[in-house]
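Q: Given chain A, put chain B in place with the hints provided.
Okay, here's what each chain looks like letter by letter:
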Amino acid sequence: NAGVTQTPKFQVLKTGQSMTLQCAQDMNHEYMSWYRQDPGMGLRLIHYSVGAGITDQGEVPNGYNVSRSTTEDFPLRLLSAAPAQTSVYFCASSYSTGSGEKLFFGSGTQLSVL
Amino acid sequence: AQTVTQSQPEMSVQEAETVTLSCTYDTSESNYYLFWYKQPPSRQMILVIRQEAYKQQNATENRFSVNFQKAAKSFSLKISDSQLGDTAMYFCAFMKHEGSNYQLIWGAGTKLIIKP
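Protein chains in written order, with my numbering: chain A, 1 to 114; chain B, 1001 to 1116.
The following block holds chain A by itself, in its conformation from the complex (with noise of 0.2 Å):
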């Protein structure tokens, strides 16, 4: 079972490049969502969706979209990267949020922007 999968590992952009972070979970998730984890702060989220073909903003959604064409697969694309989006970025899924269920976290990308 691998659970939430994430790539790539690693990425350098150059400021103006776009670029798509993949993410896929073989557990039939309800639930994936994008965060951010930047030094001295918390994870903070970018987007979420809780299905197929349903999306929406979390607490810092500028400069990323993401969609959601299937159950498994959830993409967070940078439209146009920036030095303030280099970050750690994790993708994290759970069958449901009503419940407090646990995330599931792939591994994270660590992205830096030049």
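A portion of the hints provided could be inaccurate.
Calculated cross-link-like contacts (lysine-lysine; reagent style DSS-like; alpha-carbon spacing at most 30 Å) [said to hold, decoys possible]:
no.: 1; chain 1: B; residue 1: K1055; chain 2: A; residue 2: K14
no.: 2; chain 1: A; residue 1: K102; chain 2: B; residue 2: K1073
no.: 3; chain 1: A; residue 1: K102; chain 2: B; residue 2: K1070
no.: 4; chain 1: B; residue 1: K1055; chain 2: B; residue 2: K1073
no.: 5; chain 1: B; residue 1: K1096; chain 2: B; residue 2: K1078
no.: 6; chain 1: B; residue 1: K1111; chain 2: A; residue 2: K9
no.: 7; chain 1: B; residue 1: K1111; chain 2: A; residue 2: K102
no.: 8; chain 1: B; residue 1: K1055; chain 2: B; residue 2: K1115
no.: 9; chain 1: B; residue 1: K1096; chain 2: A; residue 2: K102
no.: 10; chain 1: B; residue 1: K1111; chain 2: B; residue 2: K1073
Quick partial rundown of chain A residues pointing at chain B, CB under 7 Å, derived from the structure [as the list claims (entries may be wrong)]:
no.: 11; residue: G42
no.: 12; residue: L45
no.: 13; residue: K102
no.: 14; residue: S107
If you want the ones that stay clear, here's a sample from chain A, every Cβ over 12 Å from chain B, calculated [unchecked claim]:
no.: 15; residue: V12
no.: 16; residue: L13
no.: 17; residue: T20
no.: 18; residue: Q22
no.: 19; residue: N28
no.: 20; residue: S67
no.: 21; residue: R77
no.: 22; residue: L103
no.: 23; residue: V113
The hints are simulated quantities; they were obtained by calculation from the structure and are not laboratory data. Beta carbons: idealized from backbone N, C-alpha and C, even for Gly.
A: For chain B alone, kept in the frame of chain A given last:
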């Protein structure tokens, strides 16, 4: 807005000692969930323990236990018989509910170092 505060940026203890990590939160909700997650140097986020606010009994998981004080909005984590593998960042998180949406609000974390 709900907030989660971890007042100890870093702590260190000797192996086999007991250590308590602090967490306070601010909310007007009466029913919610609280979590402690561990992030070792591998960067993987791992659930340590979970507490439901309507349960008065403190959650325990082997060497890990919490002291949940609902009126004081406090949710501390106690690690007994600490081991070298407990060295990690520890994050406290609060699950808030807005309409049909549930979101986690995270503290800034406490870096715990277990010394041999």
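Q: Does K102 (chain A) pair with K1073 (chain B) here, judged by a C-alpha cut-off of 30 Å?
A: Cα-Cα ~21 Å, so holds.
Q: Would the least Cβ to Cβ distance between V12 (chain A) and chain B come out above 12 Å?
A: 17 Å, holds
Q: Grab the minimum C-beta distance from S107 (chain A) to chain B and call the hint holds if it beats 7 Å, violated otherwise.
A: Since chain B brings a Cβ to about 6 Å from S107 (chain A), closer than 7 Å, the hint holds.
Q: Are G42 (chain A) and chain B close enough, Cβ to Cβ, to be under 7 Å, as the hint says?
A: G42 (chain A) check passes; min Cβ-Cβ to chain B is 3 Å, inside 7 Å.
Q: Taken at face value, is the distance from the CA of K1073 (chain B) to the CA of K1111 (chain B) at most 30 Å?
A: Satisfied, since the Cα-Cα distance of roughly 22 Å is no more than 30 Å.
Q: Do the alpha carbons of K1055 (chain B) and K1115 (chain B) lie within 30 Å of each other, as the hint requires?
A: 35 Å, violated
Q: Does S67 (chain A) sit more than 12 Å from chain B, CB to CB?
A: The claim stands: S67 (chain A) keeps its Cβ more than 12 Å from every Cβ of chain B (closest is about 18 Å).
Q: K1111 (chain B) and K9 (chain A): Cα distance at most 30 Å?
A: The given pair, whose Cα atoms are some 23 Å apart, holds under the 30 Å limit.
Q: Going by Cβ atoms, does R77 (chain A) stay more than 12 Å from chain B at every point?
A: Consistent with the label, R77 (chain A) stays out of reach of chain B, its closest Cβ about 21 Å off (over 12 Å).
Q: Beyond 12 Å from chain B, beta-carbon-wise, is T20 (chain A)?
A: Check passes; 20 Å lies beyond 12 Å.
Q: So V113 (chain A) supposedly isn't at the interface. Is its beta-carbon more than 12 Å from every beta-carbon in chain B?
A: 19 Å, holds
Q: For the pair supplied as a hint, K1055 (chain B) and K14 (chain A), confirm whether the alpha-carbon distance does not exceed 30 Å.
A: Outside the cut-off at roughly 50 Å; violated.
Hint compliance for this structure: hints 1, 8 and 22 are broken, all remaining hints hold.
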